[in-house]
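> This is what each chain is made of:
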Amino acid sequence: MEFDLNLLLNGIVSGLLLGGLYAAAAAGLAVSFGMLDIVNIAHPALMVAAAFLVVVVGTALGLDPLLTALLLAPVFYLVGTGIYTVYNYFFERRGDEALQGLAFFFGVMFIIEVGLVMAFGPEQRFLDPDWGFVTWRIGEIDLPLRMLVPALFALAAIGLLYLFLHKTFTGLAIAAVAQDAEALRLMAIDPVKIKRLAFGISVALACIAGGALIVVQPVEPSSGQIFIGRVFAICIMGGMASLSGAIMAAFLFGVVENVTATFAGPSWAPAVAFGWLLLVLTFRPQGLFGRAA
Amino acid sequence: MSASALPALPASDATRHLPFWLGAFGVAAAVFLALKLIGNEYGYYAGYFILQYVVLASAWNILGGYAGYVNFGAAGFMAAGAYTAIVVRKAFGLDLIPGILCAAAFAGLLGLGTGYLTLRLKGVYFSIATLCLAVVLQTLVVNWDYVGGSRGAYIIRPMTMPGFSSYGEYIFTVMLVLAVIAVGVGRTVEHSRLGRGLQAIRDNERAAEAVGVPTLRLKLIATTLCGALMGVAGAPLPYYSGYLNPEAAFSLSYAVNAIAMPLIGGAGTWLGPVIGAVLLGSLQQAATVTISSALNLWIVGWILVIFVAIAPRGILGWFGKR
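Top to bottom, those sequences are chains C and V.
In terms of the working numbering, the first sequence has 167 at position 167, counting the first letter as 1, and numbering is strictly consecutive.
In terms of the working numbering, the second sequence has 1200 at position 200, counting the first letter as 1, and numbering is strictly consecutive.
None of these hints come from the bench; they were simulated from the model.
Here a beta-carbon is modelled for each residue, glycine too, at the ideal position from N, C-alpha and C.
Nothing false has been slipped in among the hints.
The calculated label-pair distances, taken between Cβ atoms and stated as ranges, are:
#, chain 1, residue 1, chain 2, residue 2, range
1, V, V1211, C, T170, 41 to 51 Å
2, C, F126, V, A1030, 51 to 61 Å
3, C, D128, V, S1293, 31 to 41 Å
4, C, Q217, V, L1018, 52 to 62 Å
5, V, A1105, C, L67, 49 to 59 Å
Chain C stretches covered by chain V per the calculated footprint, using a threshold of three residues with CB under 8 Å from any CB of chain V:
#, region
6, 89-96
7, 105-116
8, 225-233
9, 274-283
Every beta carbon over 12 Å from chain V, so not counted as near; a handful from chain C, in silico:
#, residue
10, D4
11, V56
12, W131
13, G132
14, G139
15, L155
16, A176
17, Q179
18, M187
19, S244
Assemble the whole structure, with the sequences as input and the hints as a guide.
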């Protein structure tokens, strides 16, 4: 293929927009996996479940998909606290996180995925909001609203999370709980309560990401599998517990994946995620933007 | 970096192996004769289905049960084995048995490679890497026209096999022998220094390292063994079904069963995966016939979640074996 600067520029820009979606998906994981040390491999499956619910609820009520995702987020918050309560009661309390806890989340992921197949069939679902067909052009660069709006929506949600984590007492407690749960106890805060809250927030973020996802691309029950590699790679690259790191890693990842898809064909995109993950794990397990422990 | 670097088993241990192997082949012969007496082709079909899970679950148990490292990529390793069998048949005209050997070698190398890149870190990273490995291998196979791409590949299996009443009986017998070998390997590992080292890693990796257990080397041996056996479980698959497409080979049900079966039977014991595979395998075989296959997979997911929550030591744990 002949090298084409416009193609490359457009690839980079839409990669950045895609990165916004990835950032939303990875930010939730940065909270659960990065800060709480809970390896929630069901996170992408929850995101896909949210996308399906957005289709159903949004179509039934005639609401905008992103608004629907926002309305569904509290429901997912409750689901998250429920999952954490079970996880804490049966695994974390007993110190069985490593084997049984991982198997638990794998089972949850599996139940969600097969449940979606049973409820909706294996077909793809998609939504077309009215603004989804509009494309802004700046010079030679296309800015489809279908990509731009979800990216901005996701970044706004992450921005709120950032403020919450850095400016409020509860937010600071979340950052502290994984480092020293005992110290929290000494300050009369129940670490389990804080973790439950934080896990709920991370699952609510999965819902936001699901809303963004369904606008950007069609979704099928098994879509979550491809996202596992992506979001964990981004999360680890970003330095685990760092929100800003995760966002930067997500943008970088979106660009690399999208440029690969543009020049090598879209069916190779999933391989990028895995190759990237392996490289990061091998050479910089503390993340591109993280500090060495 | 091979098992020969470890000291040989003490003589007292070696003698206890003979009754096991005799017993195992005795059980296998009894199963074979019983099915031959029933003489129904479906019996071989269902038997193969359960036995492949005995191999898969035993393989998972070597790394997951003894060392506590979770391999989510069972489907990937199994498909790697199945596609190796297809490739060596297409390229060199090799039949089932050499195909199984090649599958073991390739899947073993795959396990070694994945382990080498990720096992120096926390166990979680290895698990995540195996999870992605399946996705990427599927991408590669879908894009690889030589093995049929997403359309899938056919293997014309012979109608008859000399010495056997049908090809179904032949492939069932092959899987039966493989299952005995896999369980035997698991048991041998459990009673060897390798198994003891892996158990020490599971209980406390740092302490194990401190008293001189070569943790990385043992983990690498275990991932290689685990990958090779999973490849073996997959290699006869194209011969069994006559047709293989990426979707079937990389089916998530292999990954979930490989984890659910040992955990339900009792992970970390050689008998646990066998119990789990026979129970869950029979249940699924019965459920596939009577109710939809999606619902029956859903049930497996729930059984897994409920079992790890309520009975973390599995069925064998109820009898206080550990």
